[in-house]
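K.L.:
Here are the chains, one letter per residue:
Number of protein chains: 2
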Amino acid sequence: MSRGPIALDAMGGDFAPVEIIKGALLASQDFGVEVILVGEGQALQAHLAELGQKESDKVRVCHAPEVVLMSDAPSVVIRGKRRSSIRVAANLVKKGEAAGLVSAGNTGATMAAARCECGLTKGVKRPAIAQVFPNRRSGTVVLDLGANVDCKIDYLVQFGVMGSVYASIVLQKGKPKVGLLSIGTEDSKGNEFSRGVLQAMRDNAAIDFVGNVEGRDVFKGDVDVVVCDGFVGNIVLKITEGVAETVLGMMKDALSSSILSKAGAALVRPSFKRLKKQMDYSEYGGAILLGVNGVCVICHGGSSAKAIRNALKRAHDFAESDMAEQIAEKMELRSAAN
Amino acid sequence: MSRGPIALDAMGGDFAPVEIIKGALLASQDFGVEVILVGEGQALQAHLAELGQKESDKVRVCHAPEVVLMSDAPSVVIRGKRRSSIRVAANLVKKGEAAGLVSAGNTGATMAAARCECGLTKGVKRPAIAQVFPNRRSGTVVLDLGANVDCKIDYLVQFGVMGSVYASIVLQKGKPKVGLLSIGTEDSKGNEFSRGVLQAMRDNAAIDFVGNVEGRDVFKGDVDVVVCDGFVGNIVLKITEGVAETVLGMMKDALSSSILSKAGAALVRPSFKRLKKQMDYSEYGGAILLGVNGVCVICHGGSSAKAIRNALKRAHDFAESDMAEQIAEKMELRSAAN
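Taken in sequence, the protein lines are chains A and B. All residue numbers for the first sequence refer to the numbering used here, where the first residue is 114 and numbers rise by one. All residue numbers for the second sequence refer to the numbering used here, where the first residue is 114 and numbers rise by one.
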């Protein structure tokens, strides 16, 4: 049972609007997801026509005359561009005309639009960006990846609760194990702030807290949720992408270094394609903004049509879940326990 | 011209003392490095004998009756185990009987011993741990990797100065480019603390500061030194190790997934061995503790004989450089500018 179409910011992303439109068409064809393309109406119609398509029940267009640039401050969607594609898309969710929102545009502006239109889930102090990091076993949810650079202790406790609900759905784990990102597993490890968070998380009844975890644990799969502040989380995300790219690049160099290895490379290519797919974040359909009233999926600026397709599928699936209700419920549980 | 032997904590590390002793023998044979093995005298002599060796001018033994455990608090070497191998090794450096110190034992205790015996370089407020992160071009020095979890703004400025001197020697760069690890390159990006550091680093005349850099930049090679606090740095180090291990592990899985790829794997194996070597931190001979009076190289707890060999070579090379003098000089330059 679908709760309705997904509003897609057609103007956001390095390859907007063409790749974004292609992604919408793919999601519709492959998964039957209904999409509302939000952006400059005439341009979107023209691009659809160029692709040999036209507006339909499955993929329709909603006009928004303004565009948020990557260089715009997040506040622009609140004080300035109120008729921008991202703000209009968020408004469709607020009005119940869309079941969720997907954007590959300016992350700060997307968060601001979602928060301003849809509001925060009851009890939530700050929304957080979460993403699944793939590992050899399955995956680990890491948050916050950049929504909050200066945090208070109770924000991180709430991230643990929201991350736990998210992991229970996306990783299908009954009781996700939650860890706090630190520099050693002992309670004494960490900085002043993280030691304060550790104590507060131990006191929280809504999560299965395992204590401090290290960077390596993100990739071991022993813990399902790893919590950190948005400054650390964003660095972790970009370090991870950087290392993976570097290793794959070095591998490519190595494979073309001799005739023998070139011959070998031809044989191992299919296996490597699978490996790259496994490592590819776009397969996971973007990051999610937790703590707002409504599903909001945030994609990488460089998203391909395939990445947009997967993000739309993810938003569609989450719209069918009761994630927001579960988060609100667990926030209450926590308040009651305190 | 050598400034003397390197004191090696023979009791520190997961595979101590056998791998450590083997590392000393390798460094002596391969590079002519003189080594003083510090630890339980009789046991070390017995292990040397088992390896068909005995004490010589090149590899000699210095007795220390106590051992610091991995679980010991760093302060144990100051208040408690004053005759521990790491403290005695640091004392050899202080007395001028050794030109440098290498340990794969308890990192906190190694730092405490080096600081307590050798003292800080003039002008330095806090020592920092630095390491070269390999990338496709050459390498980037990252610091602090865990010596200081709660930092003040001027500590990070000093890390930039010390990292710059270190990079000029280890990467052989005339004027190393220094960046501040943040979550975007614009000046507005970062948290409250990092924005304060950014301003202070801009005002420092002793470094070629390029502003904020992102996690990915560590692996691009456009910047030679990346500065962060020890909490973030230690997380970055362990995330990097975790991702590299995971990608290499996935690669192994992929290579054995079919008969064709197994055949290909045999052909690409030599190239992969080179790749693994390129990625292998032990090739870089450990991390260095900057800001103490004396060369102090800190190795991974799991160091192999080869890793110890390389660390001894590195300590030997640094003992011949004028790194400490350069750091003291630049600290003065900075004080003069302020």
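Wrong hints could be hidden among the right ones.
Repeated chains share a single entry, so a pair holds when one copy, or any two copies, can fit it.
[Said to hold, decoys possible] Taking lysine to aspartate or glutamate and the EDC-like style, the derived pairs with C-alpha atoms no more than 20 Å apart in a straight line are:
1. K375 / D127
2. K207 / D335
3. K171 / E305
4. K208 / D300
5. K333 / D366
6. K238 / E438
7. K302 / D185
8. K235 / E438
9. K135 / D170
10. K290 / D170
11. K290 / E179
None of these hints come from the bench; they were simulated from the model.
K.L.:
Hint by hint, note whether the structure agrees.
P.N.:
Going down the list of hints, with the structure as the test:
In this assembly of identical chains, K375 and D127 lie within 20 Å of each other by CA distance neither inside one copy nor across copies; the values are 34 Å within and 39 Å between. In this assembly of identical chains, K207 and D335 lie within 20 Å of each other by CA distance neither inside one copy nor across copies; the values are 38 Å within and 44 Å between. For the identical chains of this complex, K171 and E305 are neighbours neither inside a copy (52 Å) nor across copies (46 Å), given an alpha-carbon limit of 20 Å. For the identical chains of this complex, K208 and D300 are neighbours neither inside a copy (46 Å) nor across copies (37 Å), given an alpha-carbon limit of 20 Å.
In the homo-oligomer, the alpha carbons of K333 and D366 lie at most 20 Å apart only across protomers (15 Å), although the nearest pairing inside one protomer, at 27 Å, exceeds that limit. Only within a single protomer do K238 and E438 lie at most 20 Å apart by alpha-carbon distance; the minimum there is 16 Å, versus 51 Å between protomers. With identical chains, the CA atoms of K302 and D185 are at most 20 Å apart between copies only, with a shortest distance of 13 Å across copies and 39 Å within one. Taking identical chains as interchangeable, the C-alpha atoms of K235 and E438 lie at most 20 Å apart only when both belong to the same chain, with a minimum of 9 Å there against 59 Å between chains.
Only within a single protomer do K135 and D170 lie at most 20 Å apart by alpha-carbon distance; the minimum there is 16 Å, versus 73 Å between protomers. In this homomeric assembly, K290 and D170 never come within 20 Å of each other (Cα to Cα): the closest approach is 42 Å inside a single copy and 55 Å across copies. Taking CA atoms no more than 20 Å apart as the test, K290 paired with E179 passes in neither setting, with 43 Å inside one copy and 40 Å between copies.
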